[in-house]
Amino acid sequence: MKPAVLLLFAVVAASTVERTEAVSCYQCNYTNYASLGQTTCTEPFNATLTKKCNAPMCTWQFANYTSPQQFYIVYRECVDDTSFPMSGCEQYGKMTNQSYFVYGDKCCSRSGDQMQGSVRWSMSNCFCMTDNCNGDIPYSLTTSTVAPTAKPNVASSMLKPSAVWFALLAAIASMF
Numbered sequence: 456m457k458p459a460v461l462l463l464f465a466v467v468a469a470s471t472v473e474r475t476e477a478v479s480c481y482q483c484n485y486t487n488y489a490s491l492g493q494t495t496c497t498e499p500f501n502a503t504l505t506k507k508c509n510a511p512m513c514t515w516q517f518a519n520y521t522s523p524q525q526f527y528i529v530y531r532e533c534v535d536d537t538s539f540p541m542s543g544c545e546q547y548g549k550m551t552n553q554s555y556f557v558y559g560d561k562c563c564s565r566s567g568d569q570m571q572g573s574v575r576w577s578m579s580n581c582f583c584m585t586d587n588c589n590g591d592i593p594y595s596l597t598t599s600t601v602a603p604t605a606k607p608n609v610a611s612s613m614l615k616p617s618a619v620w621f622a623l624l625a626a627i628a629s630m631f
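Residue 610 in my numbering sits at position 155 of the sequence shown; the count goes up by one each step and never skips.
What the hints contain is simulated information worked out from the structure, not anything from laboratory work.
Keep in mind it's a predicted model, so treat the numbers as computed, not measured.
Check each hint, because a few of them may be wrong.
Dumping the calculated EDC-like pairs for lysine to aspartate or glutamate here, alpha-carbon to alpha-carbon at most 20 Å [as the list claims (entries may be wrong)]: (1) Lys-507 <-> Asp-536; (2) Lys-506 <-> Glu-545; (3) Lys-507 <-> Asp-535; (4) Lys-507 <-> Asp-591; (5) Lys-507 <-> Asp-560; (6) Lys-507 <-> Asp-586; (7) Lys-507 <-> Glu-545.
Cβ pair distances, simulated, as ranges [to be verified]: (8) Glu-476 <-> Ser-595: 30 to 36 Å; (9) Ser-490 <-> Asp-568: 33 to 39 Å; (10) Gly-492 <-> Gln-546: 20 to 26 Å; (11) Asn-487 <-> Gln-569: 17 to 23 Å; (12) Thr-598 <-> Thr-497: 24 to 30 Å; (13) Lys-506 <-> Gln-546: 32 to 38 Å; (14) Asn-501 <-> Thr-597: 22 to 28 Å; (15) Gln-525 <-> Gln-546: 18 to 24 Å; (16) Gly-567 <-> Leu-491: 18 to 24 Å.
From the three backbone atoms N, C-alpha and C, an ideal C-beta is built for every residue, glycine too.
Please build the complete structure, drawing on both the sequences and the hints.
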């Protein structure tokens with residue numbers, strides 16, 4: 456497929472994209488390692504004491520460092536990028552060769568143990584699109600973790616793919 460056709464496809468796709476409305480997200484961080492700086496979340500998490508922000512998506516990240524020192528970091532934030540495909544969480548994982556899974560109304564991934572030099576760590580990450588969805592998520596989140604309540608994945612119908620997503624799909628299709 457010629458670049459001009461890809462560009463035309465991206466422009467047409469961008470004009471048909473519906474953006475999501477902003478949701479309220481928790482905005483704070485916490486670490487149990489004092490020298491990393493000030494934390495803005497309470498431990499255990501307390502929603503009434505936490506600052507909020509508004510964006511199309513919320514994120515929750517948990518990094519667990521096991522060597523040479525043991526500590527962890529929790530990060531909650533707003534995300535302005537609406538190109539993440541909430542409606543195809545597990546399929547997105549297959550396309551990117553990463554392990555994504557649905558946890559309640561969230562699309563999550565877990566890295567497993569990583570090693571960089573002498574530092575060993577693992578990371579969990581979730582994206583969601585409902586008010587305050589990045590709150591109290593278990594640190595031990597894995598692909599088999601069961602959500603506290605069986606909520607439908609309401610975010611799946613809320614997010615329409617962005618022009619970047621359409622362009623990526625068009626580029627992949629042009630390879631065949």
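At the C-beta level, are Gln-525 and Gln-546 separated by a distance inside 18 to 24 Å?
Since the Cβ atoms of Gln-525 and Gln-546 sit about 35 Å apart, the hinted range of 18 to 24 Å is violated.
Has the given pair, Lys-506 with Glu-545, been kept, meaning a C-alpha gap of at most 20 Å?
Violated - the C-alpha atoms of Glu-545 and Lys-506 are around 31 Å apart, more than 20 Å.
Report task. Verify the proposed pairing of Lys-507 with Glu-545, using a straight-line Cα cut of 20 Å. Result -> Between Lys-507 and Glu-545 the Cα gap is close to 28 Å, so the pair fails against 20 Å, i.e. violated.
Between Asn-487 and Gln-569, is the Cβ distance one that fits in 17 to 23 Å?
At 19 Å between Cβs, range holds.
Outcome for the supplied range 24 to 30 Å, where the beta carbon pair is Thr-598 and Thr-497: holds (28 Å)
Is it true that the C-beta distance of Asn-501 to Thr-597 lies inside 22 to 28 Å, as the hint says? At roughly 25 Å between Cβ atoms, Thr-597 and Asn-501 fall inside 22 to 28 Å, so the hint holds.
* Is the hinted range of 18 to 24 Å satisfied by the C-beta distance from Gly-567 to Leu-491? -> Holds: the Cβ-Cβ distance is about 23 Å, inside 18 to 24 Å.
*Is it true that the CA of Lys-507 sits at most 20 Å from the CA of Asp-591?*
holds (14 Å)
Take a look at whether the Cβ-Cβ distance between Ser-490 and Asp-568 falls inside 33 to 39 Å. violated (23 Å)
Quick one: are Gly-492 and Gln-546 within 20 to 26 Å, going by C-beta?
-> violated (38 Å)
query: Within 20 Å, alpha carbon to alpha carbon, are Lys-507 and Asp-586?
result: holds (10 Å)
* Asked: Keeping to a limit of 20 Å between CA atoms, is the pair of Lys-507 and Asp-535 held or broken?
  -> holds (14 Å)
Comparing the model with each numbered hint stated earlier shows that hints 2, 7, 9, 10, 15 do not hold.
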